[in-house]
Each structure stands twice: as C-alpha cells, then as structure tokens.
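Peer 1: Start counting the sequence shown at -1; every next residue gets the next number (my numbering).
Check before you lean on any hint, since a few could be wrong.
Unchecked claim - Between beta-carbon pairs, the in silico distance windows are:
hint, residue 1, residue 2, range
1, Val43, Lys248, 55 to 65 Å
2, Lys262, Ser47, 25 to 35 Å
3, Lys262, Glu120, 41 to 51 Å
4, His76, Ala219, 25 to 35 Å
5, Asp238, Asn24, 41 to 51 Å
6, Thr170, Thr29, 27 to 37 Å
7, Arg78, Asp3, 11 to 21 Å
8, Ala219, Leu174, 15 to 25 Å
9, Lys200, His50, 24 to 34 Å
10, Arg78, Glu199, 47 to 57 Å
11, Gly27, Asn71, 40 to 50 Å
12, Asn24, Pro106, 12 to 22 Å
13, Gly45, Arg110, 25 to 35 Å
Stated by the list, open to error - When the alpha-carbon atoms are kept at most 20 Å apart in a straight line, the in silico EDC-like pairs for lysine to aspartate or glutamate are as follows:
hint, residue 1, residue 2
14, Lys38, Glu63
15, Lys38, Asp82
16, Lys268, Glu74
17, Lys115, Asp3
18, Lys38, Glu98
19, Lys268, Glu199
Hints in this document: simulated from the structure, not taken from any laboratory. From the three backbone atoms N, C-alpha and C, an ideal C-beta is built for every residue, glycine too.
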Amino acid sequence: MLSLDIPLLRSFVAVARNHSIKTAANVIGRTQSALSMQIKRLEDVVGQSLIHRERYGVELTAAGERLLVHALNILEQHDRALSDITGNGLHGLVSIGCPEEYLSAYFPKLLREFNLKNPQVEVEIVSAPTTELRGLLRQNRVDLALISLPDGSDSTTLIKTEQFVWVANHPTPSPLKRELLPLALSAPNTLEHRAAREVIEKHQINYRIAFASNSFAALLAMTRSGQAISVMTQSAIPDDLHILTTQLPKLPQIGVHLSYASAKPSQLVKTCGEFIRTYLSSSPNPT
C-alpha cells in the first residue's frame, strides 16, 4: 500500500521553500545526496516528477505544486495531533520571512526566547525584501512574514512603526560637503529608496545614487567606508554608525506588519505569529 511518509514530506517542503537541494539539506541537517534520495523516493510513491533542476536551483513541477499544498496540510495535522496526544507542546517546522534589516535588529533575542518556550519547534528564516516576501507568502514558501508598508497602511496587521533616518560613518561626514550628495540606498523598488529620493528632491538637494542593493551587509559596508550617506530604519543601526539629525530633511516613518500565507494559519503558525507580535510591540523604539 502506498503512503506518504512524514519525513519525506518534511524534506520535500524544505526543498520547495528553499528552491535548492543544498540549502534545504543545511536547514534540515542532511547531506545533499540523502535529501536527493528522499525526493526520489517520494517521486516513486506518487509516480510523478516533483521538481526539476535549473541552473540556479530547483523549481516545483505542476505535480510538485499540488503536492506542496497537501504536504503542508498533512504536516499541520500531524504536528497538531502529536502535540495534543503527547502533551509536550508545539511540534513542527515554521518558516518566517523577514527583511535583512529587521533580522539584524530584532531576531537574535526574539528567536532565543521563542526557542526557550517552544524547544520542539524548528524555525526556518528566509531573508528577503518586502517585494519578494509578498510573492513567497502567496506561494506558501513561508508561513508568515514581517513586511514593511507605508505608515498608516492596514492597522489590523500593524505591529509597530519604525523611523527612517539618514546614516553616516561620522557625525559630520565628508559626503555632505560634495556638490552632489552621494547616497547608498536599498534597491529602487523599496520604501526607503523611494522615501529618500522623494525627500531629497522635494528639498531640491543635488544628489547621485552611489550604491543601490538589497544586501543590508553591503549597505553597511558602503556606509562605513565613508563614501556615501545611507537610509536605514533606526532600530537596525549598529553602534559604530551615526544618525544625521539636523544636516538633512526628516524622513518618514514606516509600519512593520505581520502577514500570513494562509487565511487560516495552523496553531503552530498562529502561536509563532502572536509571539512575534507581542515581542516586537513591547520592544521600545530607539529615541
């Protein structure tokens, strides 16, 4: 009799969400060859190919997309039943999407505390900008995600507000003296990039985009080099950088929102989301 084994489904979900055998193997603690064998065993059970390999990773076939929906439901019911019968609390895997900036600012302590309360829950973090996270939520590649929206958007999902600020490597940085103000910003489709340009142009300040990338680490490196002024959320600024409070016009606030992939998330996902909401809403913003 054919059956869908829970370990095989967990491995399949990990591959589907990471678009990579290598990355998924690291997440679940298996070798790439062992994980590939598990996917092959699952394909043998269903009698269809579930993934196809591409140059930069793997994508699901049509059968794989259908199985992913069932796999998520099966794993949810399995973990709920195990938790109920054993009385040992929540079990299972939850995938959280988060922009890199928030990951740096919030998650080290947040994840530590969540793990202490829920030691049998495995947490997978997917770091991506809001524009990408929305797509990942629609595709069930993550269970829930922190996303950035303009201040005043959808109060039902709002956790807290964050202030955009100008950041430099010195309180009186040399880029301010240049004829064209060099800016190091995130990618053009992000809120901070658009906000910076709108404010600068409104105040008729001459500028140039010296750097644009969704890599927060690269943005930090560019700012630390002293070659440009950057824009960040105030919570994410490391101690060695400086906020420029008077030299440039004030930037707007944004809202940090919690969004779910499903309109009816599992108990595990809801518990994780409520923990994140409670933790962040009670964390004071920098002054």
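Peer 1: Each hint: holds or not?
Peer 2: Status of each hint after checking the structure:
no.: 1; hint: Val43 with Lys248: 55 to 65 Å; verdict: holds (59 Å)
no.: 2; hint: Lys262 with Ser47: 25 to 35 Å; verdict: holds (30 Å)
no.: 3; hint: Lys262 with Glu120: 41 to 51 Å; verdict: violated (22 Å)
no.: 4; hint: His76 with Ala219: 25 to 35 Å; verdict: violated (44 Å)
no.: 5; hint: Asp238 with Asn24: 41 to 51 Å; verdict: violated (30 Å)
no.: 6; hint: Thr170 with Thr29: 27 to 37 Å; verdict: violated (53 Å)
no.: 7; hint: Arg78 with Asp3: 11 to 21 Å; verdict: holds (18 Å)
no.: 8; hint: Ala219 with Leu174: 15 to 25 Å; verdict: holds (20 Å)
no.: 9; hint: Lys200 with His50: 24 to 34 Å; verdict: violated (48 Å)
no.: 10; hint: Arg78 with Glu199: 47 to 57 Å; verdict: holds (52 Å)
no.: 11; hint: Gly27 with Asn71: 40 to 50 Å; verdict: violated (24 Å)
no.: 12; hint: Asn24 with Pro106: 12 to 22 Å; verdict: holds (19 Å)
no.: 13; hint: Gly45 with Arg110: 25 to 35 Å; verdict: violated (44 Å)
no.: 14; hint: Lys38 with Glu63; verdict: holds (16 Å)
no.: 15; hint: Lys38 with Asp82; verdict: violated (32 Å)
no.: 16; hint: Lys268 with Glu74; verdict: holds (12 Å)
no.: 17; hint: Lys115 with Asp3; verdict: violated (28 Å)
no.: 18; hint: Lys38 with Glu98; verdict: violated (34 Å)
no.: 19; hint: Lys268 with Glu199; verdict: violated (42 Å)
Comparing the model with each earlier hint shows violations of hints 3, 4, 5, 6, 9, 11, 13, 15, 17, 18 and 19; every other hint is respected.
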